[in-house]
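Using the sequences and the accompanying hints, generate a full structural model.
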Amino acid sequence: MRDEQDEAVPDGTYEPSPRRLARERYRRARTRRAFAVAAASSTVTAAVLVTLIVESPGWQRTRDTFLNAHYARLALPKVLDGLWLNLRLLAVCGAVVLAAGLLIAVLRTLRGPVFFPVRALATAYVDFFRGLPLIICILMSVFGIPALRLSGVTNDPVLLGGFALCLTYTAYVAEVFRAGIESVHPSQRAAARSLGLTSAQTMRHVVLPQAVRRVVPPLLNDLVSLQKDTGLVSIGGAVDAVYAAQIIASRDFNYTPYVVAGLIFVAITIPLTRFTDWIAARMNGRQAQGGTV
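Heads up, the sequence shown is in the numbering used here, so the first residue is 2 and it goes up one at a time.
If you're looking for bench data, these hints aren't it; they were derived computationally from the structure.
Check before you lean on any hint, since a few could be wrong.
[What the hints assert, rightly or not] Estimated spans, in silico, between C-beta atoms of each pair:
1) Thr44 to Val119: 55 to 61 Å
2) Phe67 to Ile280: 32 to 38 Å
3) Gln189 to Ile280: 19 to 25 Å
Glycine included, every Cβ here is placed at the ideal spot set by N, Cα and C.
Structure below.
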């Protein structure tokens with residue numbers, strides 16, 4: 002129903018009422034006031050934090066050790082060279098984790114007593130690698146597998162470290178996919194089977210499309226975590242961004258290269274995080290409007 006004060010001019014164009022115009026002005030003023038208050042409070046908080054840090058007794062020593070511009074310029078090219086390895090690990094391991102995680106999730110949701118051994122093995126895998134610390138998994142892969150002296154098995158720390166990343170993150174991603182599969186209402190399966198689809202066709206064409214759309218935000222969060230954890234392959238000697246920073250820091254006894262590597266990872270992670278938030282907000286908005294989730 003139109004506002005009682007709204008008017009329509011003879012040519013049919015809409016003209017808002019004075020009451021509506023006043024309400025819109027009030028909303029704009031409230032938004033400006035909220036922005037000003039937020040900016041002022043943020044400025045005051047930042048000023049207090051900076052003052053506390055700069056006035057601390059050890060600030061000069063800390064700045065020379067962790068925020069030295071000379072060592073930052075020296076480390077940046079080497080860290081960027083090592084970052085290329087982290088990005089390749091993210092691309093390859095991310096694809097493997099998504100595919101293997103979806104497979105494990107499907108195996109865990111198979112029905113019928115004949116599939117009990119498969120479900121038990123998938124459950125044991127997920128429980129074990131979700132409980133095992135990632136750093137221990139990498140150590141066991143990088144140093145334990147070569148110790149077996151198996152014929153044809155690589156000793157490359159990059160491949161073995163990536164293998165450990167895939168083992169751990171597949172367990173986490175499998176649980177995300179399983180949660181999405183189980184969130185699909187059973188009536189969807191019943192409707193698909195009533196139309197003549199087999200169990201496999203129902204899973205492929207009805208359940209999985211809905212499940213994957215629902216778990217996109219948590220999947221992106223796992224990929225953000227994977228991007229950070231690729232730096233752990235340096236434990237085995239792979240020269241990534243973290244190990245490149247460690248080499249320079251060990252040589253010059255200055256920790257600024259670590260800060261440079263950390264800031265580069267943050268610069269990559271923040272856009273991915275904001276993209277995840279945007280995807281989640283978009284999906285929540287579509288769900289609130291009654292659209293496809």
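Against the structure, the hints come out as follows:
no.: 1; hint: Thr44 to Val119: 55 to 61 Å; verdict: 59 Å, holds
no.: 2; hint: Phe67 to Ile280: 32 to 38 Å; verdict: 35 Å, holds
no.: 3; hint: Gln189 to Ile280: 19 to 25 Å; verdict: 23 Å, holds
Violation of the numbered hints given earlier is absent; every hint is satisfied by the structure.
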